[in-house]
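Trainee: Here's the letter readout for the chains.
2 protein chains.
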Amino acid sequence: MDERIRKQLEFSLEIDKEKNVLRQTSLSGKGRKENDAEHAWHMAIMAYLLREYSNENIDIAKTMLMCLIHDIVEIDAGDTYAYDTERLKTQKERENAAKERIFSLLPDDQKHELIALFDEFELGQTAESRFAHAMDNIQPLLLNNSNDGMDWKEHNTSAKDVYGRHAMTKLGSEKLYEITDQIIKKHIEKGNLTE
Amino acid sequence: MDERIRKQLEFSLEIDKEKNVLRQTSLSGKGRKENDAEHAWHMAIMAYLLREYSNENIDIAKTMLMCLIHDIVEIDAGDTYAYDTERLKTQKERENAAKERIFSLLPDDQKHELIALFDEFELGQTAESRFAHAMDNIQPLLLNNSNDGMDWKEHNTSAKDVYGRHAMTKLGSEKLYEITDQIIKKHIEKGNLTE
Numbered sequence: 000m001d002e003r004i005r006k007q008l009e010f011s012l013e014i015d016k017e018k019n020v021l022r023q024t025s026l027s028g029k030g031r032k033e034n035d036a037e038h039a040w041h042m043a044i045m046a047y048l049l050r051e052y053s054n055e056n057i058d059i060a061k062t063m064l065m066c067l068i069h070d071i072v073e074i075d076a077g078d079t080y081a082y083d084t085e086r087l088k089t090q091k092e093r094e095n096a097a098k099e100r101i102f103s104l105l106p107d108d109q110k111h112e113l114i115a116l117f118d119e120f121e122l123g124q125t126a127e128s129r130f131a132h133a134m135d136n137i138q139p140l141l142l143n144n145s146n147d148g149m150d151w152k153e154h155n156t157s158a159k160d161v162y163g164r165h166a167m168t169k170l171g172s173e174k175l176y177e178i179t180d181q182i183i184k185k186h187i188e189k190g191n192l193t194e
Numbered sequence: 000m001d002e003r004i005r006k007q008l009e010f011s012l013e014i015d016k017e018k019n020v021l022r023q024t025s026l027s028g029k030g031r032k033e034n035d036a037e038h039a040w041h042m043a044i045m046a047y048l049l050r051e052y053s054n055e056n057i058d059i060a061k062t063m064l065m066c067l068i069h070d071i072v073e074i075d076a077g078d079t080y081a082y083d084t085e086r087l088k089t090q091k092e093r094e095n096a097a098k099e100r101i102f103s104l105l106p107d108d109q110k111h112e113l114i115a116l117f118d119e120f121e122l123g124q125t126a127e128s129r130f131a132h133a134m135d136n137i138q139p140l141l142l143n144n145s146n147d148g149m150d151w152k153e154h155n156t157s158a159k160d161v162y163g164r165h166a167m168t169k170l171g172s173e174k175l176y177e178i179t180d181q182i183i184k185k186h187i188e189k190g191n192l193t194e
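Heads up: the sequence lines are chains B and Z, in that order.
Position 69 (the first sequence) corresponds to 68 in numbering that gives the first Met the number 0; numbering is contiguous.
Position 7 (the second sequence) corresponds to 6 in numbering that gives the first Met the number 0; numbering is contiguous.
Calculated directly from the structure, the hints in this document are not laboratory data.
Where hints are given, some of them may not hold.
If chains are identical, the list can't say which one is meant, so a pair holds when it fits in one copy or spans any two.
The list that follows gives simulated cross-link-like pairs (lysine to any residue, SDA-like), each with its CA atoms no further than 20 angstroms apart [what the hints assert, rightly or not]:
no., residue 1, residue 2
1, K159, L87
2, K184, M0
3, K169, N146
4, K29, D75
Source: prediction; values computed, not measured.
Next comes chain B alone, as it looks inside the complex (with noise of 0.2 angstroms):
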């Protein structure tokens, strides 16, 4: 085996550990917490779906790859739930230590090519990287919404803070925005966001 295709390869079997780094949202039907793998597959399909409603024209094949892989820096990194402020701090310096050792694994040209893409994702100042965003928030979202709320009600989350959060959803389209802040409300009303 020639070793660019070995490179490949291994980096392909690496990235399987994406499947054990559980997030904080709760899958539909009050089920078992999301994985990294999941939640990336389900913003792909959703940045397809939903692309019309991007505020600006986007390359989906690079959308959809940026989907892909923009949680895999937390194999080594560990998810950082949104409104964790302690871990925030620190997830920088985890994140890129992480992206050095797993890109590494690949040849350098594909190496640089998904470095760029993900820092590209982490910066948000594209049309793709904007519109990646709107998805990293509307998915969890949904997942929560469908659960009547039971991801903020278990972290105490605050109104605020999903706000904040969601500032991101509007830079990428202000049509999901407009829904995302229809969901909001009617979780303050419910009691399942603290104001």
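Position chain Z against the provided structure of chain B, taking the given hints into account.
Mentor: Relative to chain B, chain Z alone:
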């Protein structure tokens, strides 16, 4: 919320159930059984990274989307193990009913688009579907190889059955079939596959 987006979000929520459809493949590290959503995520990333080995030029966005949705019908129809000859007999009928129910949740244009893509995968007559089938085969092979063939041993799988399935891999990628062949031969030697 208008009807179109309501339907798109309803479908998006429905496919969450794919995360509960278990396959016969174990995760690396002799882990738990993989589910369909994880498998599809893994295939889509591998399709992107390994696309240079496709026998024919492929539209990568289409191939990735095909990988992502190819098992959605199993939400109703369940996973059918590749070497379970009894259940394979009723697979088509179960999957057709599921296809109609699940994709009908979408607006008509997207329903028809996704059904066409699903059918294209099933038929395996285009470059994209042939490469997607190669991914559908090589992804579990990679995991099973890393686990010393434990899934084959569990089912007393024969080398003949494995070669039969991987005929599809060759149609998608001669290069990946070469590697597949090396891996299968190794497991025959080790006694992990029956002759």
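Trainee: All the hints need checking, so say for each whether the structure fits it.
Mentor: Evaluation of the provided hints:
1. K159 / L87: Intra 17 angstroms, inter 52 angstroms, cutoff 20 angstroms: intra-copy only.
2. K184 / M0: between (56 angstroms within a copy, 14 angstroms between copies)
3. K169 / N146: Answer is neither: 23 angstroms inside a copy and 44 angstroms across each miss the 20 angstroms cutoff.
4. K29 / D75: Answer is between: at 19 angstroms across copies they meet the 20 angstroms cutoff, but 28 angstroms inside does not.
Hint compliance for this structure: hint 3 alone is broken.
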